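Novice: Here is what each chain is made of, one letter per residue.
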Amino acid sequence: MAINILIVDDSTVMRAMILKSLRMTGLEIGETFQAGNGQEGLEALDDNWIDVVIVDINMPVMNGEEMIDHMRENPATADIPIVVISTEGSEARLERLKEKGAAFIHKPFTPETIRDTMQTMLHIEGDD
Amino acid sequence: MTDQVKETIYRVAEDVFEKLAFLFSFREEEREPMDYGAAAVAGVTFTGQFEGRLALAVSEEVLPELAANMLGIEEETTREEQQDALKELINVVCGNLLPELAGRKKMFNVNAPLILSPEEIGVVTAAPPAAAAKLALEDGQCDLMLYLDEGVSLDPESSEAP
Ligand SMILES: [Mg+2]
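Line order of the protein sequences matches chains A and B.
Its first residue numbered 561, the first sequence is counted upward by one per residue in this note's numbering.
Its first residue numbered 719, the second sequence is counted upward by one per residue in this note's numbering.
Hints may be right or wrong, so weigh each one.
To be verified - Calculated cross-link-like contacts (lysine-lysine; reagent style DSBU-like; alpha-carbon spacing at most 30 Å): (1) Lys580(A) to Lys660(A); (2) Lys580(A) to Lys658(A); (3) Lys580(A) to Lys724(B); (4) Lys724(B) to Lys824(B); (5) Lys823(B) to Lys660(A); (6) Lys823(B) to Lys724(B); (7) Lys823(B) to Lys737(B); (8) Lys824(B) to Lys658(A); (9) Lys658(A) to Lys737(B); (10) Lys824(B) to Lys737(B); (11) Lys737(B) to Lys660(A); (12) Lys737(B) to Lys580(A); (13) Lys737(B) to Lys724(B); (14) Lys824(B) to Lys660(A).
To be verified - Some chain A residues flagged as far from chain B (calculated, every beta-carbon gap over 12 Å): (15) Asp569; (16) Val573; (17) Met574; (18) Glu659.
Hints listed in this document are in silico derivations from the structure and should not be mistaken for laboratory results.
All figures in this text were calculated on a predicted structure; none of them were measured in a lab.
Virtual Cβ for every residue (Gly too), placed ideally from N, Cα, C.
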């Protein structure tokens, strides 16, 4: 089954990089949606069927952590798998994200890291 | 101490440039700072364990390759894409640099990066940076300047090893 993915990052170039990496993973990607901050991300979740959310932390208007909190509070979005892709280096923040059930990928990333994280999260067997 | 900070800036910049933008860089410690008036300059402010700014200047000639590499496209990139690429580059450098300087127990907030106007470049680069790195890239040059707010000292005793 194809996976619908929402990418939330304030950098359009970074969103394109993430999308390109996703296309290299071999995962069957359905529709992809993009948002420039957490608020726009929540709106995209309201309007569309989304299977996985990929979200940055540092963003204007609403940051990634706030968006995750809103998602977890809403029964409609509480169980959607979340991958945080960020430069975040603080142990306390990373621990907090883990408690919220989000996987973490450090920026800069390789396409392999995205593939492995997505496969683990979606319980998909790798080809290699 | 400044030498240690400078070394960290070089190490983080080289790593991020290569991994994020497939740009290979070489240290140019001895050369003069770039002419910032003729360069594209991005800036980012940060708060947290300590506060300050990071500025990243690159030669105009570097921008098309930077954006094309990050986007993974062969076609010509727009000015907007080039500026967005530069902003994300400084964002990732800054986000990786601060924990390297302060340790992973400390927290920072990195604000949205900006492209600096000539006036802003003048203001930001007027004071000497706390530490700076000068790099050569295939198509030009790059300077990275770290500015810390008054009273901030990067005392190695107060930071943990990463
Ligand atoms: Mg960001």
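Novice: Once the closest CB in chain B is found, is it more than 12 Å from methionine 574(A)?
Specialist: Contrary to the label, methionine 574(A) does not stay out of reach of chain B, its closest Cβ about 5 Å off (not over 12 Å).
Novice: Lysine 823(B) and lysine 737(B): Cα distance at most 30 Å?
Specialist: 25 Å, holds
Novice: Does lysine 660(A) sit within 30 Å of lysine 737(B), going by the straight-line distance between their CA atoms?
Specialist: Answer holds: lysine 737(B) to lysine 660(A) is near 28 Å, not above 30 Å.
Novice: Take the C-alpha atoms of lysine 824(B) and lysine 660(A), compute the straight-line distance between them, and say whether it is at most 30 Å.
Specialist: 20 Å, holds
Novice: Given the hint that lysine 737(B) pairs with lysine 724(B), does the C-alpha gap stay at or below 30 Å?
Specialist: 20 Å, holds
Novice: With a cut-off of 30 Å on the C-alpha distance, tell me whether lysine 823(B) and lysine 724(B) pass.
Specialist: OK: lysine 823(B) and lysine 724(B) at ~21 Å, within 30 Å.
Novice: Find the nearest Cβ of chain B to the Cβ of aspartate 569(A) and say whether that gap is larger than 12 Å.
Specialist: 9 Å, violated
Novice: Would you check whether the claim that valine 573(A) is not at the interface survives, using Cβ distances to chain B and the 12 Å cut-off?
Specialist: 5 Å, violated
Novice: Below or equal to 30 Å on CA atoms is what counts here, so check lysine 724(B) against lysine 824(B).
Specialist: Distance ~20 Å between lysine 724(B) and lysine 824(B) Cα, so the pair holds.
Novice: Under the criterion that the straight-line Cα-Cα distance not exceed 30 Å, is the pair lysine 823(B), lysine 660(A) satisfied?
Specialist: With Cα atoms ~19 Å apart, lysine 823(B) and lysine 660(A) stay inside 30 Å; holds.
Novice: Is lysine 824(B) within 30 Å of lysine 737(B), Cα to Cα?
Specialist: 25 Å, holds
Novice: Would you check the hint for lysine 824(B) and lysine 658(A), treating anything up to 30 Å between C-alpha atoms as holding?
Specialist: 18 Å, holds
Hint violations for this structure: numbers 3, 15, 16, 17, all remaining hints satisfied.
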